[in-house]
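Peer 1: Residues in the sequence shown are numbered consecutively from 28, following my numbering.
Treat the hints loosely; a few may be bogus.
What the hints assert, rightly or not - Straight-line Cα separation of at most 30 angstroms, BS3-like style, residue types lysine-lysine; simulated pairs:
#1 LYS488 with LYS152
#2 LYS148 with LYS292
#3 LYS488 with LYS78
#4 LYS78 with LYS476
Calculated directly from the structure, the hints in this document are not laboratory data.
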Amino acid sequence: MFHTTTLLAQGAAAALPQAAAAAEPTASTPQLVIAAVAGIAVIIVLIVWLKVHPFLALVLGSGVLAVTAGIGLTDTFTSFSAGLGSTVAGVGVLIALGAIIGKLLIDSGGADRIVDTILDKTPAKRLPWAMALIAFVVGIPLFFEVGVVLLIPVVMIVARRMRTNPVLVGIPALAGLSALHGLVPPHPGPLLAIEALGADLGLTLGLGLLVAVPTVIVAGPLLAIPLTRWVRLEPPVSVLGMSEGAGTSGGDADGSSNATAGLRKPTFGMSVLVVLLPVILMLARSAVEIAGATETGYGTVLEFLGTPLVALLITSLFALFAFGTAVGRTRQQLGDLVGSSFAPIAGILLIVGAGGGFKQTLVESGVGDVIASGIADAGITPLLAGWMVAALIRIATGSATVATITAAGIMAPLAAGLEPTHAALLVLAIGAGSVFLSHVNDAGFWLVKEYFGMTVGQTFKTWSLMESVLSVVALLVVLLLGAFV
Numbered sequence: 028m029f030h031t032t033t034l035l036a037q038g039a040a041a042a043l044p045q046a047a048a049a050a051e052p053t054a055s056t057p058q059l060v061i062a063a064v065a066g067i068a069v070i071i072v073l074i075v076w077l078k079v080h081p082f083l084a085l086v087l088g089s090g091v092l093a094v095t096a097g098i099g100l101t102d103t104f105t106s107f108s109a110g111l112g113s114t115v116a117g118v119g120v121l122i123a124l125g126a127i128i129g130k131l132l133i134d135s136g137g138a139d140r141i142v143d144t145i146l147d148k149t150p151a152k153r154l155p156w157a158m159a160l161i162a163f164v165v166g167i168p169l170f171f172e173v174g175v176v177l178l179i180p181v182v183m184i185v186a187r188r189m190r191t192n193p194v195l196v197g198i199p200a201l202a203g204l205s206a207l208h209g210l211v212p213p214h215p216g217p218l219l220a221i222e223a224l225g226a227d228l229g230l231t232l233g234l235g236l237l238v239a240v241p242t243v244i245v246a247g248p249l250l251a252i253p254l255t256r257w258v259r260l261e262p263p264v265s266v267l268g269m270s271e272g273a274g275t276s277g278g279d280a281d282g283s284s285n286a287t288a289g290l291r292k293p294t295f296g297m298s299v300l301v302v303l304l305p306v307i308l309m310l311a312r313s314a315v316e317i318a319g320a321t322e323t324g325y326g327t328v329l330e331f332l333g334t335p336l337v338a339l340l341i342t343s344l345f346a347l348f349a350f351g352t353a354v355g356r357t358r359q360q361l362g363d364l365v366g367s368s369f370a371p372i373a374g375i376l377l378i379v380g381a382g383g384g385f386k387q388t389l390v391e392s393g394v395g396d397v398i399a400s401g402i403a404d405a406g407i408t409p410l411l412a413g414w415m416v417a418a419l420i421r422i423a424t425g426s427a428t429v430a431t432i433t434a435a436g437i438m439a440p441l442a443a444g445l446e447p448t449h450a451a452l453l454v455l456a457i458g459a460g461s462v463f464l465s466h467v468n469d470a471g472f473w474l475v476k477e478y479f480g481m482t483v484g485q486t487f488k489t490w491s492l493m494e495s496v497l498s499v500v501a502l503l504v505v506l507l508l509g510a511f512v
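The whole structure should be built from the sequences, with the hints applied where relevant.
Peer 2: Rendered as structure tokens:
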């Protein structure tokens with residue numbers, strides 16, 4: 028299990044022992060089911076119809092859930108506060124470190140180096156596969172929205188140079204980003220599910236990459252071929268009104284950025300190393316644990332280095348060198364750059380924290396136990412049930428993070444009796460469900476629509492269909508792995 032978050036969660040729980048005990052309800056099963064439905068319904072109504080920010084929606088939904096479940100008014104937000112604190116203390120730190128790495132990767136030109144190197148060595152007919160590979164590699168440390176902003180201008184430039192339908196190269200890139208976002212830590216959704224379900228992070232990371240590869244192949248380059256026939260777009264002449272010469276990151280007319288003027292670009296090898304370093308460290312730790320070598324000298328070292336917090340901290344420090352001092356940045360510039368990386372994730376941290384609070388309210392109210400027992404009695408496998416719950420909430424709210432948080436809280440009681448491998452697969456099943464059928468209540472839907480210059484109908488036929496195919500294929504791969512491991 029992901030020991031750092033576990034210890035932090037235990038510490039938060041220990042800080043409120045009497046309050047937590049007071050918060051335990053004595054409600055009947057029907058009342059708990061009504062409480063769950065009411066809490067989730069409040070969140071959906073606030074987000075979808077009243078356009079309330081997800082943070083406030085999750086806070087209010089947690090309050091409704093607690094009160095309806097029979098928790099006293101004075102203890103309404105006790106579980107929520109404990110869950111918020113433990114989640115931000117664990118997952119929030121990892122998100123912050125990931126933001127630093129992503130910011131340095133983009134502003135140093137390291138991401139551009141990865142993109143340019145792969146494209147320069149790829150024949151035109153294999154560019155859809157190259158775009159999927161680029162998105163897969165770059166998407167490991169970057170949040171989905173950041174990856175879209177970074178790669179879609181590149182997609183448009185490639186489509187313009189090839190004089191082809193941008194869907195052909197755009198769908199593979201979007202599939203790569205979306206699969207990594209839903210399935211692979213250190214993205215917020217998988218991290219939250221790992222913490223809620225008590226899964227092992229390294230094992231989930233390894234299985235997540237294993238599931239993501241065939242999923243991206245099917246939902247990316249292969250699906251893009253028929254999609255280009257169904258939605259015919261002309262080769263782009265600009266991206267949101269910006270010509271190719273204007274660059275892809277707000278630089279000057281010649282493609283250079285004021286922030287990076289006079290700096291050396293990092294090499295391709297160094298850029299890829301920074302991206303893959305946390306993955307290597309966390310997978311090495313899992314290998315040591317699986318081999319039962321944690322008591323050896325090298326095993327102890329690898330177990331420490333592969334702890335998620337340590338792995339991302341080491342990578343952040345290495346990125347400061349590789350993308351900072353090594354390319355000519357001063358210490359003041361680096362300090363300013365790190366500081367600027369935190370502003371874009373403030374909203375994410377609030378939503379993630381509130382989601383952790385809602386999850387904790389679900390768990391401590393007893394709602395999760397009731398729903399889990401109902402699923403068990405219905406004979407639905409936990410993997411399929413987790414996917415279904417996440418998919419339904421995703422369709423209703425449009426938020427993959429809210430879907431992951433809520434589904435993980437509901438499925439947590441069932442995860443307690445699972446083997447480590449199946450607990451990790453449950454995380455992936457929930458992650459797969461969380462990206463199902465993006466439509467008009469999802470900000471990503473409109474982001475893709477505007478970048479590609481499509482109509483709403485065309486966006487449904489491309490982006491929404493791709494997300495649905497990706498979700499179902501990922502579920503099938505997870506179920507297949509579950510049958511053999």
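Peer 1: Now, for every hint given, state plainly whether the structure supports it.
Peer 2: The hints, checked one at a time:
At most 30 angstroms may separate the alpha-carbon atoms for a hinted pair to count; LYS488 and LYS152 meet this at roughly 23 angstroms. A distance of roughly 19 angstroms separates the Cα atoms of LYS148 and LYS292; the hinted pair therefore holds under the 30 angstroms criterion. The hinted pair formed by LYS488 and LYS78 meets the criterion: a straight-line CA distance of about 25 angstroms does not exceed 30 angstroms. A hinted pair counts as satisfied when its Cα atoms are at most 30 angstroms apart, and LYS78 with LYS476 qualifies at roughly 20 angstroms.
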